[in-house]
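Sequences listed follow chains A, B and C, in order. All the letters of the first sequence, read from the start, carry residue numbers 1 to 284 under this note's numbering. All the letters of the second sequence, read from the start, carry residue numbers 1 to 504 under this note's numbering. All the letters of the third sequence, read from the start, carry residue numbers 1 to 381 under this note's numbering.
I should point out that these hints are in silico values taken from the structure, not numbers from a laboratory. Hints may contain errors.
As the list claims (entries may be wrong) - To be clear about the criterion: a stretch of chain A counts as covered by chain B if any three or more of its residues have a C-beta under 8 Å from a C-beta of chain B, and this derived list gives those stretches:
#1 67-80
#2 135-147
#3 172-186
It should be emphasised that the depicted structure is a prediction, and the values quoted were computed from it without experimental measurement. Backbone N, C-alpha and C fix where the C-beta goes; we use that ideal spot for every residue, glycine too.
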Amino acid sequence: MNGFNVKFGYRDIFLEDVQPVHILYETRVKTAGCRAVIDARGLKHKELTDLLREAVRRGSSELVINHVFGQRYIGTRLYSPFKDEKICIEVNQFPGNDLGAFLNGHRITVQGNAQDGVGNTMDDGLIVVHGRAGDVTAMSMRGGQIFIRDNVGYRAAIHMKEYKDKVPVLTVGGTSQDFLGEYMAGGIVMLLGLNLQEDEPHRARYIGVGMHGGVIYLRGRLAEHQVGREVEICPPDERDREIIGRYVREYCRYFGGSPQEIINGRFQKLIPASLRPYGQIYAS
Amino acid sequence: MYPYILSEFIVERREDRCIRCRVCERQCANGVHLFDSELNRFFTTEKDCVGCQRCVMLCPADALYVRPRLADYRPNGSWTRDQMQNLKKQAATGGVVLTGSGNDKPYRVYWNHLTLNASQVTNPSIDPLREPMELQTFLGRKPDSLKIEFNGGKARLASEFPPNVPLRMPLLFSAMSLGAISYPAFKSLAMAAKEAGVLFNTGEGGLPVEMRGEYADHAIVQCASGRFGVDEDYLNCARIVEIKIGQGAKPGIGGHLPGEKVSDYIAQTRMIPRGTDALSPAPQHDIYSIEDLSMLIYALKEATDYSKPVSVKIAAVNNVAAIASGIVRAGADIVAIDGFRGGTGAAPLVTRDNVGIPIELALSAVDKRLRDEGIRNRCSVIAAGGIRSSADAIKAIALGDDAVYLATAPLVAMGCTLCHKCHTGKCNWGICTQDPFLTKRLNPELTSRRLSNLLRSWEHEIQEILGGMGVNAIESLRGNREHLRGLGLEEWELNVLGVKGAGE
Amino acid sequence: MLVRQNYESERYVPDKEMDACGIFGVMNTEGVRFGGRMAIDAIKNMKVRGSGLGGGFAIYGLYPEYRDYYALHIIYQNSNLTAKEEVEAFLKKYFYMVFDEEIPTNPDIRLFASPLAWRYFVALQKSRAEEDLSDEEYVISKVMYLNSHIEDAYVLSSGKDMGVFKGVGFPEEIADYFMLDQLYQGYIWTVHSRFPTNTPGWWGGAHPLSILDWTVVHNGELSSYGANRRFLEMHNYYCTLYTDSEVLAYAVDLLMRRQGLPIEVAAKIFAPPMWDAVGRMDDGDKELYTALRMVYAPLLMNGPFTVIVAHHNEMIGLTDRIRLRPLTAGAKGELVFLSSEEAAIRAVCPDLERVWTPNGGEPVVVRLHTREHLQSLNKSI
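Please model the entire structure based on the sequences and the hints provided.
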């Protein structure tokens, strides 16, 4: 088509022109005790994660990142097989996709909105977002907790799973878009609907399609056609109330509000009708 | 089984030889042989026989014969027995017909239409038994050029080198998860890979913690759509991390490990509750496009501190060359391509037999495209799906492949007879099952030795062929289509393969 | 672009290119013109969504001093001057040429195979035979001719008071090359950063794609491409670029310009509601949506896409019906933004008043002198 037959160069979008970490460290990081304040303005994804890793290597355990605009993978690269110390990260605004992907026990607080893929395949730790989060929040999450103050996008908690006492929790203060809890195989999702008007139903459709584990506690109204065929809706029992209370109180601790008022709202419990939703669709 | 279906096999017992030892009865998980001690005779439930030949081979008196029962229906070129039996199964259940193993339909196998070259007169062939013959292969990205510094007249490498993994020979065990196959089978692959200096692939069922110390150095770990058992410990323990996008036997669809196969042990490595279905979604839900793939590639590089090559495995489909180019540009260090004859633990028959393209054509197209774009060095290419012999492997390498993934071949080496019933979980050979009564039939010590033997014999055979061609390093054959000729192929096929016809 | 090419068999039709991308658009709903800084910085912030194999900008309100004339942006590959002479002879025959000049470029920026770029401001010179043809059809037919018959010449855009600047490189490089930030102002800027899985290697294949004053930037891959293309061919749109986005551009032209359907309806053709949702509608809607689906089914855009369509007075964002590609909208005062990532908007406008994620299949319509876009805000969450 081009008539040039010229070989095309390869542009390494992630790694091209990444500045050496020791130079960046001098100019971008200010430390005080175990606290390091990092100026992320204009940094490439890897430059920032290099800096985070370097700061931790040099002994910081509390990282404050300012002027974040879309940098990805915050927290992902702080894995160390030898170190048990968990890091606290404060993100001052607008982290990029895959915030806390594969997160390994660290704590991340975001003072603003987050994008897609928050807590992707997260293993352990805590993410608190003082704002909203995008699509596939808590995808394949297997441990730890995520609190989102406002709404989440499509496919939150998709394929979340649990094993024994490792039960991930996603608490969303607002509402969600479609496919919440698709394929869900474990864990707890709280959808509080705090920003909905009185009597305004949640709008998400296809909630819990393919769900075969875990539980969704949903506060507010919902029509039956909004949930997948694999889901059973029932009222919460005593034990459920206890769980709801626990995470609502925690939610209010991060974001304010009256726990009792929230707890008194109308909760419904969504659980899988079967652990084997597709047991019957095959002929061998 | 279902009504109105003819049995697929005839089970014949020569009463004059049978010593009533009841081995056959104990060996058959399908309950084909049943001994009535009062009558002192065997009853045979022929229609449950899958033709795995376990009873035949273990019969000490050679009294058993199991042979395919050819179509008893009226012969019909269009409505074959398979077509009709499937209709009857569907009519009985309303379900999707499942199958296991690889596509068995008589599509053209291109390996059978490619021949290899040898030296005569103008350059000497080399005797591989006595002369050096190097098969060492590196998997990973290679830079465009190197910076060399001279220090006091001594050359020193000055550029950073991307992570690469050495293999003693260009052979790898392809992804078979613990769960799809049994623990002894899984462990045998790990042991043999270690012994032979190659790698095995965990599939997406996780890698048991107690195996990591000894075998992680020979493991490729998968991060697939189910993300089973994926955490940073798992990703960091292995040599290569592979993102599984697709599988040759079932492009475009996900996986489904039925709840009854999820035992305590499987549950633990996959980190899901015992007895629940382990569903692998069709797509990875954080990858809906090429830039999303890039995001996951770099997420994995971040999680492993840029210390490991990241591989992306795709099924061979229509636009495979363009897709591969995108994958390399997205940052992958290895592209694995799985052709449509690749195997599976379970897949819908309609998918396995109808979706995808042959590995030979896909591999050639990918290699050519990457060279045309000047980025072939940016990745290693691994071919998978239907590599049956060392000859196939050599031909793949001549078509531009770096290393081949083997799965069905090692399973056959373990005892598999390709009965295509992997999905039932009743593998009499103890390979594709989680039933402890069956899995104990496989002893990793012995089985891994069979696998090491297999690799060693392929290594020798590859060396023989290389020597015959007059080259003593596998690199000289890689992408060297001059050493291939096509037989009985049409023009377009030769064009796609980039190979001359024999005599041309 | 709009060319009939007769292939002996569909076997010889080239494969389409597949690409994925970052996209961004910003509009001042009061029509106030502004420079390119925001668009450039925002797309730069999403650098990893592209691969440097294509970037481009569409600007509206670009040439107020020539607002009554069609502005043709034409590139000549390999700086082919014969092609240029041919094109100019053709233009002189069918148009009155008001003004023309080389599009200024920055010689310090080196890009892959950069062509000679020229712009022409023209008025129509219809022959008697073509008098009945509408102005728009007339321009389209001439642009079609140029693109198909003159080797090495390609019309980037052909609308009034707007223009497309695009090429091979990262969008910020394209911006530097054409000095967009220094030289131009507009009230809508849309921009695209490309990540193709094929080698494009030529400047015409980058986005935005344009007919008249319609432009499309697109992210995703249409699994329905072949079906869409064949339908459009039936309506005399011939896809020669073999990209998904081309199909979208023609579909928009067919439905919105030629058939006069509003975007609200066109959106429901590209991303129709699921049948189960239709089943719950009232009778009137049920009838409408069933009819739309039946008639326009071949224009259902299946598979992941986000698209920003623009023409004068309007900028529209739309995703597929199960939202497989991201789109975030934001607003501050009279500025409205559409972007693949929120952070890109924040990077150029940290103090947004509103930010929202439209539902799949729900268009965000940004119209001049209206607050129409807030409808999408109310429908989404």
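Results of checking the hints against the structure:
no. : hint    : in the structure
1   : 67-80   : holds (count 5)
2   : 135-147 : holds (count 4)
3   : 172-186 : holds (count 4)
Of the numbered hints stated above, none is contradicted by the structure.
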